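Chemist: Residues per chain, in single letters:
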Amino acid sequence: MKASSLSRKERKNLIRILVALAMFIVVFAVDKTLVLGSVFEGPAAWVFPFCLYLLIYLLIGYDVLWRAIRNIAHGQVFDENFLMCVATLGAFALAIYRGVSGLEIEGFDEACAVLLFYQVGEFFQSYATGKSRKSISKLMDIRPDYANVMRGDKTERVDPSQVRIGEIIVVNPGEKVPLDGVVVSGVSALDTKALTGESLPRDVETGCEVISGCVNLTSQLEVRVTKEFYDSTVSKILELVENASEQKSKAENFITKFAKYYTPAVVIIALLLAVIPGLITMDWSTWVYRALSFLVVSCPCALVISIPLSFFAGIGAASRYGILIKGSNYLEKFNKANIFVFDKTGTLTKGSFSVMKVSPEADRDEILRLAAIAEQDSGHPIAKSIVQCYGNTPEGGYTLTNEAGMGIKAVRGDDVILCGNEKLMTEHGIPFLKESGLGTVVYVARKGRFVGSILIADEIKPETKEVIGALNGMGCKTVMLTGDNDAIAADVAQKIGVSAYQASLLPQNKVTEVEKLLAAKKEQDVLCFVGDGINDAPVLMRSDIGIAMGGVGSDAAIEASDIVLMRDDLRGISLAKRIAKKTMAIVFQNIIFSIVIKVAILILSAFGITNMWVAVFGDVGVAVLAILNAMRVNSKYEKSENAKK
Amino acid sequence: MKKVYRLEDLDCANCAAKMERAIAKIDGVQSVSISFMSQRMSIEADESRFEEIMQRAIKACKKVEPDCRILL
Numbered sequence: 015m016k017a018s019s020l021s022r023k024e025r026k027n028l029i030r031i032l033v034a035l036a037m038f039i040v041v042f043a044v045d046k047t048l049v050l051g052s053v054f055e056g057p058a059a060w061v062f063p064f065c066l067y068l069l070i071y072l073l074i075g076y077d078v079l080w081r082a083i084r085n086i087a088h089g090q091v092f093d094e095n096f097l098m099c100v101a102t103l104g105a106f107a108l109a110i111y112r113g114v115s116g117l118e119i120e121g122f123d124e125a126c127a128v129l130l131f132y133q134v135g136e137f138f139q140s141y142a143t144g145k146s147r148k149s150i151s152k153l154m155d156i157r158p159d160y161a162n163v164m165r166g167d168k169t170e171r172v173d174p175s176q177v178r179i180g181e182i183i184v185v186n187p188g189e190k191v192p193l194d195g196v197v198v199s200g201v202s203a204l205d206t207k208a209l210t211g212e213s214l215p216r217d218v219e220t221g222c223e224v225i226s227g228c229v230n231l232t233s234q235l236e237v238r239v240t241k242e243f244y245d246s247t248v249s250k251i252l253e254l255v256e257n258a259s260e261q262k263s264k265a266e267n268f269i270t271k272f273a274k275y276y277t278p279a280v281v282i283i284a285l286l287l288a289v290i291p292g293l294i295t296m297d298w299s300t301w302v303y304r305a306l307s308f309l310v311v312s313c314p315c316a317l318v319i320s321i322p323l324s325f326f327a328g329i330g331a332a333s334r335y336g337i338l339i340k341g342s343n344y345l346e347k348f349n350k351a352n353i354f355v356f357d358k359t360g361t362l363t364k365g366s367f368s369v370m371k372v373s374p375e376a377d378r379d380e381i382l383r384l385a386a387i388a389e390q391d392s393g394h395p396i397a398k399s400i401v402q403c404y405g406n407t408p409e410g411g412y413t414l415t416n417e418a419g420m421g422i423k424a425v426r427g428d429d430v431i432l433c434g435n436e437k438l439m440t441e442h443g444i445p446f447l448k449e450s451g452l453g454t455v456v457y458v459a460r461k462g463r464f465v466g467s468i469l470i471a472d473e474i475k476p477e478t479k480e481v482i483g484a485l486n487g488m489g490c491k492t493v494m495l496t497g498d499n500d501a502i503a504a505d506v507a508q509k510i511g512v513s514a515y516q517a518s519l520l521p522q523n524k525v526t527e528v529e530k531l532l533a534a535k536k537e538q539d540v541l542c543f544v545g546d547g548i549n550d551a552p553v554l555m556r557s558d559i560g561i562a563m564g565g566v567g568s569d570a571a572i573e574a575s576d577i578v579l580m581r582d583d584l585r586g587i588s589l590a591k592r593i594a595k596k597t598m599a600i601v602f603q604n605i606i607f608s609i610v611i612k613v614a615i616l617i618l619s620a621f622g623i624t625n626m627w628v629a630v631f632g633d634v635g636v637a638v639l640a641i642l643n644a645m646r647v648n649s650k651y652e653k654s655e656n657a658k659k
Numbered sequence: 349m350k351k352v353y354r355l356e357d358l359d360c361a362n363c364a365a366k367m368e369r370a371i372a373k374i375d376g377v378q379s380v381s382i383s384f385m386s387q388r389m390s391i392e393a394d395e396s397r398f399e400e401i402m403q404r405a406i407k408a409c410k411k412v413e414p415d416c417r418i419l420l
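Sequences listed follow chains A and B, in order. Numbering-wise (the working numbering), the first sequence opens with residue 15 and increments by one. Numbering-wise (the working numbering), the second sequence opens with residue 349 and increments by one.
Think of the hints as simulated: they come from the structure by calculation, not from any bench. Take these hints with a grain of salt, some might be off.
To be verified - Some but not every residue of chain A turned toward chain B, in silico, with C-beta under 8 Å:
hint, residue
1, Arg84
2, Gln90
3, Arg147
4, Lys262
5, Thr270
6, Ala273
7, Cys313
8, Val318
9, Ile319
10, Pro322
11, Leu323
12, Phe326
13, Glu375
Stated by the list, open to error - List time: in silico DSS-like cross-link candidates among lysine-lysine, alpha-carbon distance up to 30 Å:
hint, chain 1, residue 1, chain 2, residue 2
14, B, Lys350, A, Lys274
15, A, Lys347, B, Lys351
16, A, Lys271, B, Lys410
17, B, Lys411, A, Lys241
18, A, Lys148, B, Lys351
19, B, Lys411, A, Lys145
20, A, Lys274, B, Lys373
21, A, Lys271, B, Lys411
22, B, Lys351, A, Lys145
Nothing here was measured: the structure is a model prediction, and the numbers come from that model. Heads up, the beta-carbon is just placed ideally off N, CA and C, and yes, glycines get one too.
All chains, please: the whole structure from these sequences, using the hints.
Modeler: Quick look at the structure:
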């Protein structure tokens with residue numbers, strides 16, 4: 015604990031506590047060895063130790079006393095300050111009673127110590143909460159402070175909200191990109207870690223879109239602003255994160271409700287405990303003392319602090335990996351999520367075509383070279399994927415003719431290349447080897463002879479299988495929805511291992527399909543829909559938890575979903591699941607731990623087995639332990655599932 | 349109308365819950381949520397009486413925790 019990390023108020027408090035603690039130790043030690051009560055003789059011998067302890071008591075507790083008096087004036091009876099004062103002043107009164115009635119002088123030290131430890135606990139509590147709050151909000155520190163905007167021939171430093179669309183801003187190395195826009199000049203690398211959790215920098219050049227919140231790393235960029243500040247990615251994300259703690263979970267609501275009844279209940283029991291056995295046994299000092307111990311444990315602070323703190327830490331931990339969770343209720347629900355419905359294109363697959371197979375493989379380069387020549391001028395995604403796969407610039411000089419619905423014929427002198435589907439081959443009477451793989455097949459022939467075929471399909475993301483496997487392993491049901499025909503869907507489903515699929519769906523049918531699944535699920539099941547956020551906003555909203563992938567730059571997705579994976583990486587789902595699991599485990603531990611300890615102390619002090627020292631531990635010690643436990647949520651998580659095995 | 353306010357010196361989680369309950373009881377408040385962790389209060393209330401309701405909310409907070417201030 016470095017002193018520099020404390021606020022002025024905290025430092026003042028710390029000094030006060032240390033001074034009081036030192037004084038207490040001295041007085042306590044002297045008291046135990048010399049017995050202060052016997053320094054003076056006579057019936058008023060108790061006054062001397064009383065004065066010494068009272069001095070320390072006032073030093074450490076004047077603020078608690080003051081708050082108690084003030085709150086009573088406001089009608090706040092079950093206020094923790096007040097209860098603490100009743101407990102400690104009551105202990106003092108008992109000790110005075112003992113002194114006056116000539117019994118052995120004791121109890122002053124205890125009253126003093128209880129308040130002292132209470133203050134120590136409060137100090138730790140506020141230190142730990144403040145610290146965790148700071149460490150978590152630092153993760154979300156993506157707000158840009160200023161923008162360098164070019165106005166006239168000089169740049170001005172202004173607030174990002176004052177920059178209008180179309181203006182040019184300059185982003186120097188080391189600065190945050192303040193607004194969304196398009197690079198008009200400069201080449202640089204951007205650090206998107208704060209937004210997406212991705213540690214590899216992203217290269218940008220003229221024409222690239224840049225998102226606010228990234229940090230410019232290498233060299234100056236000039237950016238034409240495309241969105242106003244309140245519309246830009248960074249504002250949207252901050253709004254989302256700041257609103258996240260509004261959506262309270264069931265656990266939090268339970269705790270606040272519990273707290274509402276806990277304190278009055280404990281106080282009433284304490285009263286009964288003092289009065290009834292007191293009247294029966296007439297041993298007032300014993301029973302009043304036990305009742306006072308009750309009051310020390312009457313504050314439900316440990317619970318009330320540690321539960322929201324755990325959720326806050328969970329949401330914070332997730333955001334560090336580019337996973338935005340819109341509320342602790344979603345984190346709580348996501349832990350129970352057991353039906354995952356995936357949109358295929360763009361979610362399980364890359365959503366772009368690529369060459370999957372060239373046969374015969376031995377002639378790969380030649381086949382691709384010929385196909386690229388034929389397809390070089392076409393704008394069709396399939397043609398583009400072939401040219402991209404070929405990699406070089408295709409040879410020119412060919413006359414290209416489109417044979418509608420079949421393919422392309424490229425002619426240069428007597429060199430004739432045919433590139434197209436089965437029909438094209440049949441039409442030209444060329445015998446060919448049929449490719450049975452699923453996807454789109456392009457056949458290539460040269461000078462009337464079949465050369466080979468290229469299989470093109472939407473590529474499955476490399477992590478898909480691992481993630482689906484992990485979810486299946488957790489006992490979840492995985493469902494794939496796709497607009498593709500049954501043969502392709504069955505093939506993909508089998509490859510990635512989803513437990514069910516629905517094929518040939520029109521976009522609007524996805525909602526119906528999800529509704530069917532929602533109707534079929536059991537009460538406690540939680541259905542998640544995972545989509546890329548394009549065209550599936552209605553489904554995202556309809557499902558129990560909507561998860562949008564690749565959220566950066568897609569406002570619709572951010573708004574419609576409950577969990578946003580900023581990076582286009584499915585592994586975020588299993589990671590979020592693990593964070594949710596850990597958070598809920600800690601929430602559960604804290605609830606059980608705090609309640610059990612408190613109840614145990616209540617029972618033990620009712621029977622006089624424990625004393626106030628233990629009770630004060632029950633109050634502040636438990637709170638500190640619960641806070642420390644809550645902070646474990648915000649630890650490091652391994653990226654891949656394998657790390658656990 | 350929904351508005352979000354920052355709270356200063358909100359030191360005790362139980363007080364946050366108490367304030368939340370007190371404000372929710374004010375006539376005209378549709379919903380209120382106080383987050384101890386982010387030190388924010390979001391309140392939804394009748395637009396026509398918003399000023400008056402906020403004044404009462406401030407009073408209610410003062411009563412529970414005089415140290416805590418709502419930054420308007």
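Chemist: Now, for every hint given, state plainly whether the structure supports it.
Modeler: Here is what the structure says about each hint:
For Arg84(A), the interface hint holds, the least distance from its beta-carbon to any beta-carbon of chain B being 6 Å, beneath 8 Å. A hinted interface residue such as Gln90(A) counts as satisfied when its beta carbon comes closer than 8 Å to some beta carbon of chain B; here the least separation is about 7 Å, so the hint holds. For Arg147(A), the suggested interface contact is upheld, since its CB lies about 6 Å from the closest CB of chain B, less than 8 Å. Given the 8 Å rule on beta carbons, the hint for Lys262(A) holds: about 7 Å separates it from the nearest Cβ of chain B.
Because the smallest distance between the Cβ of Thr270(A) and any Cβ of chain B comes to about 4 Å, under 8 Å, the interface hint for this residue holds. A hinted interface residue such as Ala273(A) counts as satisfied when its beta carbon comes closer than 8 Å to some beta carbon of chain B; here the least separation is about 6 Å, so the hint holds. For Cys313(A), the interface hint holds, since its Cβ comes within 8 Å of a Cβ in chain B; the closest pair sits about 7 Å apart. Nearest Cβ of chain B to the Cβ of Val318(A): about 4 Å, under the 8 Å cut. The hint holds.
Because the closest C-beta pair between Ile319(A) and chain B is about 4 Å apart, less than 8 Å, the hint holds. Nearest Cβ of chain B to the Cβ of Pro322(A): about 5 Å, under the 8 Å cut. The hint holds. Taken as an interface hint, Leu323(A) checks out: its beta carbon lies about 6 Å from the nearest beta carbon of chain B, inside 8 Å. A distance limit of 8 Å between C-beta atoms decides the matter here; for Phe326(A) the minimum to chain B is near 4 Å, and the interface restraint holds.
For Glu375(A), the interface hint is violated, since its Cβ never comes within 8 Å of a Cβ in chain B; the closest pair sits about 58 Å apart. For the hint linking Lys350(B) to Lys274(A), the alpha-carbon distance of about 26 Å falls within 30 Å, and the restraint holds. Of the pairs offered as hints, the one joining Lys347(A) and Lys351(B) holds, with about 27 Å between alpha carbons and a cut-off of 30 Å not exceeded. Restraint check for Lys271(A) and Lys410(B): the C-alpha separation of about 22 Å stays at or below 30 Å, so the hint holds.
For a cut-off of 30 Å, the pair hint linking Lys411(B) to Lys241(A) is broken: about 44 Å separates their Cα positions. Between the alpha carbons of Lys148(A) and Lys351(B) the distance comes to roughly 24 Å, so the proposed pair stays at or under 30 Å and holds. Proposed proximity of Lys411(B) and Lys145(A) is supported: the alpha carbons are some 28 Å apart, at most 30 Å. Proposed proximity of Lys274(A) and Lys373(B) is supported: the alpha carbons are some 15 Å apart, at most 30 Å.
For the given pair, Lys271(A) sits about 20 Å from Lys411(B) by alpha-carbon distance, which is consistent with the 30 Å threshold. For the hint pairing Lys351(B) with Lys145(A), the CA-to-CA distance comes to about 27 Å; that is within 30 Å, so the pair holds.
The earlier numbered hints that this structure contradicts are 13, 17.
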